[in-house]
Amino acid sequence: MAGFREARGDLQLESVTKTFGDFTAVDDIDLTVPRGSFFALLGPSGCGKTTTLRMVAGLEQPTAGRVRIGDTDLTGSRPYERPVNTVFQSYALFPHLTIRDNVAFGPKRRKDKDAAQRADDALELVQMTAFAGRKPAQLSGGQQQRVALARALVNHPEVLLLDEPLGALDLKLRREMQVELKRIQTEVGLTFIHVTHDQEEAMTMADTVAVMNRGRIEQLGPPAELYDLPRTRFVANFLGQANTGVGTIEGRDGDHLVADVLGTKVKVLQGRSQVHDGEMLFGVRPEKVTVSRKQPDGVGNDVKGVVRDVSFLGVATSYLVDMPSGTTWSCYEQNLDVEPLDLRPGDEVWLTWNPGHAFGVPVEEATA
Amino acid sequence: MSALAHVAGDPAVSPAPPAPETKKRGWTAYLLLLPGVLWLGVFFILPLVQLASVSLQSRYPGFPGYYYRDLNFENYVSALTDYAPHFARSFLYAGLATFFAFVVAYPLAYAMAFKAGRWRNLMMICVIAPFFTSFILRTFAWSQILADEGPVATVLNFLHLLPGGNIINTPLAVVAGLTYNFLPFMVLPIYASLERADPRVIEAGGDLYANGFTTFRTITLPMSMPGVLAGTLLTFIPAAGDFVNMELLGPQQGKMVGNVINDQFLAVPGGYPVAAALSFTLMAAILVMVFLYVRRFGTEELV
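These protein sequence lines map, in sequence, to chains V and B.
So the first sequence is numbered by full-length UniProt numbering: it starts at 1 and just counts up by one.
So the second sequence is numbered by full-length UniProt numbering: it starts at 1 and just counts up by one.
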């Protein structure tokens, strides 16, 4: 038992699969989370992210594959034997215990003589010292959330699991807690694995984001990289917005692939496309597209459309433009010009972009 | 302090509703209370006052139901001295029955709440099913089950596990009958409190280094205490006043206080005042015990 609990190092999932009857919740995942990193598992509900988390906690056992921390194989061990703690989505505080006793619960089970002192320290870290004597039912959602965090952190787990911990909070509180969580993670230096369906939350907090869909990891990397260069259609659409069109690759021009998207010739750097012949889903992010009244010269990669809607947002203006292909593109222009464009719905505009920002992904979503 | 300091403050209390609405709501509440209050007044408070007055009259050794108009406390003295052993037996048997009912009911309720799966409803029906038959009939049935030639005594005698040779007409049979008859009142509240417990809270125990037994001892059991408290009260209170189980299953000598009250009212000429005094003493004793018990084990602020 002590052996499991002393495990130190990177968390590794090796070919982990979990099935419930006919349903495959997690499908052959390989994953390494470096020690001390803030890692986010991002995906829509039902994608298998919570099941993955529960297998790390030991609350579910994988159907196949292994879970390791460092050199210790945790597969098959019980939750209470693992150096892993969870912040549950609904907080799951013990209703019959005071806040202090809730936080001291873990240290007491581990026969820590300073359990009470450590609980007080943890409550101080999350600024809940004043509430130590209360019962969970007397706290608001945000306060309970902090206690749940303290109750897990007090054990100094090798890996801390957060299961949509901010899901029940309102937007303002959620923003504040995002900053707070990041601060605490930096302060204590533990491995955090954060499960969320909120792409903004994942991008703001995590060093590395793994995007999950239908039991598989679609793409893994730093948030900026995932946003800049998605490798699948799912990632392109799930992480931020993307203007896309299906095209056919017709040839090469130096480093670039040239594709025909419904009559418009577009270029994509070879290194930024996952497909190199046949059909390609071409994409470019809204803020990378420039809107102008006249056709720009020399750049290429331009297309004429009709403005459908203009939203002035202060720092920027957002345009919806109907394309000849029948799709609608979204463009996001910072309001830097002294003389604004003053576009109205119905105006014809030219959209252009730097081919270096475009990306190409397979048209079909990977079938699980 | 951090940007989050303001979280600590409780949200402002919502303003009180305007006065006219309060007044209107007050009237509705009284109207809704009226039938219940009338019923209790006529059929509970008045008889109680009547009984209190009877308990202070003097015995008239003639027909049952006759007594001298008087004001004496002899009946209470008699209740506390002559019938002290009956009170003791009542509380002992009721206490044992409550204990055994708890021992049987908790695992049953636990299994229903956490392990039964699709069998849960069937188990629930089995727990409630006895209520479809009369209490008296079920107790009669037990006198057959526990009879000397019945299955239980035969098997136990065959195994030489029954020193006295029989079960029927012993205190053991009374405790068995009480345990059986009040079991559903123990199972249902415990089941309700276990079933309401958030499974994530119990998982959290495992996540925080408590093994299965420790999780049960430190989390599941304390969380189900409101149910245990309700179940023990619902079992102990009626069991302490019961006379049917003693009448049908128990010995001729060494009755419970319920039997004495029953006899004094219905069989003993002029027994009304003593029966009334015994009833009041029993009620007071139970009230005191329940009060002390709830003070000791009450969990007033569980969700």
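It is possible that part of the hints are untrue.
One side of the interface only, derived from the structure: several residues of chain V facing chain B at Cβ under 8 Å [claimed, not checked]:
id	residue
1	31
2	32
3	79
4	92
5	98
6	105
7	264
8	267
9	312
With a straight-line cut-off of 25 Å between C-alpha atoms, the simulated SDA-like cross-links for lysine to any residue are [to be verified]:
id	chain 1	residue 1	chain 2	residue 2
10	V	135	B	154
11	V	304	B	115
12	V	135	B	115
13	B	115	B	32
14	V	135	B	217
15	V	113	B	222
16	V	294	V	276
17	V	172	V	156
18	B	115	V	325
19	V	111	B	203
20	V	135	B	197
21	V	267	V	286
22	V	108	B	115
23	V	304	V	345
24	V	294	V	251
25	V	108	B	129
26	V	111	B	293
27	V	135	B	129
28	B	115	B	129
29	B	115	V	113
30	V	111	B	222
31	V	182	V	170
If you anchor each label on the Cβ, the simulated ranges turn out as follows [as the list claims (entries may be wrong)]:
id	chain 1	residue 1	chain 2	residue 2	range
32	B	99	V	134	51 to 61 Å
33	B	120	V	130	57 to 67 Å
34	B	151	V	134	50 to 60 Å
35	B	290	V	129	36 to 46 Å
36	B	121	V	362	47 to 57 Å
37	B	120	V	66	48 to 58 Å
38	V	117	B	30	37 to 47 Å
39	B	297	V	130	49 to 59 Å
40	B	290	V	182	51 to 61 Å
Honestly, the hints are just simulated from the structure, not real lab data.
Everything numeric in this text was worked out from a predicted model, so none of it was measured.
Don't be surprised by glycine CBs; every beta carbon is placed ideally from N, CA and C.
**OP:** Starting from the hint 49 to 59 Å, judge whether the C-beta atoms of residue 297 of chain B and residue 130 of chain V obey it.
**Re:** Given a distance of about 30 Å, which is not inside 49 to 59 Å, the answer is violated.
Subject >> Pair hint outcome, residue 135 of chain V versus residue 154 of chain B [Cα-Cα no greater than 25 Å] >> reply: Roughly 55 Å between the alpha carbons, so the hint for residue 135 of chain V and residue 154 of chain B is violated.
**OP:** Assess, step by step, whether the Cα of residue 172 of chain V is no farther than 25 Å from the Cα of residue 156 of chain V, and give holds or violated.
**Re:** Outside the cut-off at roughly 28 Å; violated.
Subject >> Status of the given 51 to 61 Å range, CB of residue 134 of chain V versus CB of residue 99 of chain B >> reply: violated, 35 Å
Original post:
Does the structure keep residue 115 of chain B and residue 129 of chain B at a Cα separation of 25 Å or less?
Top reply: Given that 25 Å is the threshold and the Cα spacing comes to 21 Å, the pair holds.
**OP:** Please work out if residue 111 of chain V and residue 203 of chain B have their alpha carbons no farther apart than 25 Å.
**Re:** At roughly 20 Å apart (the allowed maximum being 25 Å), residue 203 of chain B and residue 111 of chain V satisfy the hint.
**OP:** Using 8 Å as the Cβ threshold, decide whether residue 312 of chain V counts as touching chain B.
**Re:** With Cβ-Cβ at 29 Å, over 8 Å, it is violated.
**OP:** Sort out whether residue 251 of chain V lies within 25 Å of residue 294 of chain V, counting only the CA atoms.
**Re:** violated, 28 Å
Original post:
When you take the CB atoms of residue 120 of chain B and residue 130 of chain V, is the distance between them in 57 to 67 Å?
Top reply: violated, 43 Å
**OP:** For the pair we were handed, residue 304 of chain V and residue 115 of chain B, check the Cα-Cα distance against 25 Å.
**Re:** Not OK: residue 304 of chain V and residue 115 of chain B at ~65 Å, beyond 25 Å, violated.
Original post:
Taken at face value, is the distance from the CA of residue 115 of chain B to the CA of residue 108 of chain V at most 25 Å?
Top reply: At roughly 29 Å apart (the allowed maximum being 25 Å), residue 115 of chain B and residue 108 of chain V break the hint.
Subject >> Evaluation of the interface hint that places residue 264 of chain V against chain B, nearest CB under 8 Å >> reply: Since the shortest Cβ distance to chain B is 48 Å, the answer is violated.
When the structure is compared with the earlier hints, violations turn up for hints 1, 2, 5, 7, 8, 9, 10, 11, 12, 13, 16, 17, 18, 22, 24, 25, 26, 27, 29, 32, 33, 37, 38, 39 and for no others.
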